[in-house]
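Trainee: Once you've looked at the hints, dock chain S against the given chain A.
Number of protein chains: 2
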Amino acid sequence: MISKVFKLKNAEAKPQVELPAVLTVAGSDSSGGAGIEADLKTISAFGVYGLTCITALTAQNTTGVRTFDKTSQQLIHQILEADLEDMLFGYPKTEAPLKVIKTGMLTKEAIIELIDYIPKLKDYGVKIILDPVMISTSGSKLSDDDGMKLCVEDLMSEAYLITPNFPEAEALLKLTNTSNTKIPEIKSLDDFAQFVVTLQKSLKCKNLLVKGGHFPFTNDNIPTTDLNSSSDLKIVDVLYESEDDKITFFESQYIRSTDNHGSGCTLASAISANIAKGLPLDEAIAISVDYIHRGMVSLKKKLGFGNGPLNHTAAPAISVGSALIGSDHEIQTILKESGSFYEYLINHPKIKDNWQTYVTHPFVKALAENNLPFHKFLYFLKQDYHYLVNYAQVQALAGSTAPTYQQIHAQATIIGEIVEEIERHKQKLSKSYNIDYERDMDFDIDLKPGPACVAYCDYLLKVGRNDNFLGIKIALAPCLHGYAVAGEFGAKIRKNVTGLGVVTEEQSKVYESWLNDYCSDWFTNAHIEGKKSLQSLVQTMEVNEKRIEELVDMFNEVTLLEIAFWDECLNL
Amino acid sequence: MISKVFKLKNAEAKPQVELPAVLTVAGSDSSGGAGIEADLKTISAFGVYGLTCITALTAQNTTGVRTFDKTSQQLIHQILEADLEDMLFGYPKTEAPLKVIKTGMLTKEAIIELIDYIPKLKDYGVKIILDPVMISTSGSKLSDDDGMKLCVEDLMSEAYLITPNFPEAEALLKLTNTSNTKIPEIKSLDDFAQFVVTLQKSLKCKNLLVKGGHFPFTNDNIPTTDLNSSSDLKIVDVLYESEDDKITFFESQYIRSTDNHGSGCTLASAISANIAKGLPLDEAIAISVDYIHRGMVSLKKKLGFGNGPLNHTAAPAISVGSALIGSDHEIQTILKESGSFYEYLINHPKIKDNWQTYVTHPFVKALAENNLPFHKFLYFLKQDYHYLVNYAQVQALAGSTAPTYQQIHAQATIIGEIVEEIERHKQKLSKSYNIDYERDMDFDIDLKPGPACVAYCDYLLKVGRNDNFLGIKIALAPCLHGYAVAGEFGAKIRKNVTGLGVVTEEQSKVYESWLNDYCSDWFTNAHIEGKKSLQSLVQTMEVNEKRIEELVDMFNEVTLLEIAFWDECLNL
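Going down the list, the protein sequences come from chains A and S. Just add 702 to the spot in the first sequence (first one is 1) and you have my numbering. Just add 702 to the spot in the second sequence (first one is 1) and you have my numbering.
Hints are computed from structural coordinates only; laboratory data are not their basis. Bear in mind that the values here come from a model prediction, so they are computed numbers and not experimental data.
What follows is a set of in silico ranges between Cβ atoms, one per label pair, in the way DEER data are often shown:
hint, chain 1, residue 1, chain 2, residue 2, range
1, S, 930, A, 1077, 38 to 44 Å
2, A, 944, S, 797, 49 to 55 Å
3, A, 1148, S, 1234, 31 to 37 Å
4, A, 712, S, 1219, 43 to 49 Å
5, A, 1157, S, 1105, 20 to 26 Å
6, S, 930, A, 1122, 50 to 56 Å
7, A, 712, S, 1255, 23 to 29 Å
8, A, 793, S, 712, 37 to 43 Å
Note that beta-carbon positions come from the ideal geometry of N, C-alpha and C, so glycine has one too.
Chain A extracted, bound-state conformation:
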């Protein structure tokens, strides 16, 4: 007998994640493309935990539904009870993992059971996202008329969002249109919007998204039935948010493919997952529509012989803004009003105060005034070493996403400069304090990255591994620019300082030299060049209102991480 040993490494505990949860109450599609199968794949793809309450089992494949069996009301009751007790009601209200209940194919039994829970679900702030599965892509009627009436009257009115496709929306309007007025023909986007508002008033749900997949528009915003025309067609999904009386149009490319089995389930699940993660509704919809499109264009080989499924393993977009097309207008206005993108960022209402705290940080003030106990500075230097190695790695990640070889080259130059900075740090520590990183790492606890350093490095690496060139450069910007401004701030204070404060003469010299580094010509120059390159980057890479918001949030987040880094040293 042959024998062999495979010894596995200990699994890495990082990155650890927290999973919000979505419960999908829907039918099972044995073919895996729709129903709870599509829901689970989608919810998981967005990093969210999926639970199920299966309302019916179907025997189906991409060519159609063959038969189905409904789940008994008693079992649905017990399933909901088991799921909700363990993932919702057992927790304090704000801490429960379960955030959203997504419904697909609902039987009367499931509707009755769900309605029973509504007061408690409301109390816990759980949102109901209801995909009214009335007609499947393959044309079969899955719903149950009695149940549908109950659903409209008692469930839809409590829903956070309902997501019918156009035929479903028409059917729902007919069902609820008590005055029997004729549904007007839709000849424009405005007509479409009006239709959505009318339906929301009938259904009384909080928000309503009507999907335009069955109803493409030309680029002149005229609805068309000529799907084979050679010109580009677009799909417009329309969201009405009743509380804000706000219409949002989601325009996307019409994809000429019949492989869209389960696209409705997938969209509602993707929206649910992103709502569970805390995204605003319009953004959750945008990133979800993009996910459907990725799933539709990323299969090399169709699956099955009917309307094939999407590729649920396609990676979602890195952010909402990156899924939207750019608009020159937005950024030109900003640059005109602010002078430069750098100025726009540091004066942004979200950032301004944090930026001021950072660049006039008490750590720098104390250092400039010789009032910083030296062991705090030493701790800073030790921590900064790790930070700089990580910073160089993330600059390399930026280089790997740079669109031109000139930008790749610029990144290589920056890395060279950072390495010189690391060498200076090392020599400073080694010559003056006999500290050697490699040698002392195991017994000097301060040489290990502390909480502030770890949090900062983790954030940069996350951005570096997931975002594009512009995003990564924005995340790296507060360090470069902040140190230049803080250096200047410190040097100005230093001018009027004469005493040695809490340090020795030698230590005072170290402080002096540290401040001089960040006021030096080469650093000031890097600061100026950095501003210029940010400016040209933001003009050449496609941005839009949402993307700019994301960049602002990133810059702000990193500014806060910089503050925390110095806070930690000061509070030793």
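Mentor: Chain S in isolation, oriented as in the chain A frame:
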């Protein structure tokens, strides 16, 4: 009414993937941690398409199973028929997406239906991976005694793999132990292996994996029940492959956590997904065990109040070898026998012939002999531009994974050199042939990356985005070293060439200078330094037999891509 438009970008069609499929025949766990829910999440996480045949619905959560309803035999029949017709029987035998049927909780009805399909499944080469769900983690009996007997007699004997945990394995042995001999106590790993062999003989399945999760060993290979001892304990899963009479031990860290709800389902699904992707069984198991561990250590906050689920969204290991611990022995033997890792690679049986074809490529021979029509060389230069930009990006990705700042620095230097090479290319083209990349890109089709260039760049980017420093450097190595050797090969031929062949005098000078570049001191030096750094890298980064195999495969793959690159130019 406020109104807003979100315009979505066209979704990127790349990378397109082909999804093999796994059908899971199992119960539904409403809590989402086990059953088909865990199966679908796991199968999708490995980039495989999941179908279902739900044998029973359960109402359960992390604290236990409350009740269940079996699916009727008729519906199971129709589900299997719908699934198999569309994803298996409709296809020519080798092209069907469905590769594996994974079973979990089986009812008698499901067993009967499955047995019916066995001859056809065998005919199509579909593998059955059977996880005998007899006792759930929470202790409830889910199986059905009648069904179990049928299962053992007619289904297990046809299984490609059965994956019981230890209590299940004991129960199965009792069930099939007709001679009524006492099951011997397990006091060592050898006893455990013997137990697995004995059980395989009883069950008659092709391969048997007995999981040791309920049965930890000390590091001295003694089984222990003292789970709270402070010393490290290990779990040993034992695989017996009957055709090769081969035992494999999978040793992994014992994780002190009760949050292992669904770990059995998850493991069997992960193995199924990896078998569907074409991995050998032992490797499929190794990467699956690693995935379970990642899932168990990566949740910041436990879910539910009983035995919590794993984090199925944890990313699987980049490769089997990278999930295994290193062994100094293997690499030392290689280095001793081969002189250097570079020599080992280029003389490896898998690589040797390909390497020779590459470094003595007819493109280089023709060029050296002035027999290369100049338009083919121009095409090469144009294509090489794109390649080099991509090469620089991937060197940056290597830099971002480099463990030390000195290595990051080295990467920055390399990028600088590549950029100089790009500049030389550009100037050559611009001065001699009035070709400008940026200007001409839109109307000179040859300036767009061709199929060979795209395939090569895609491969490098895939490795760069997913592998570690060593892996990326290996993928980048054939270009550096091959051009040095091929340059030397060409220069040697060139010595005896006097005529102008098919080129002009000026063109001949271009060929001369191209060969000189790759025979220059700086390039020869880069070649030597590259070999040294590969050598030290392979000694400092943990490698093992499997990892070395993977590195060999990568080096070979890239060598083939290099050959294809020159082939394309030559066959213009």
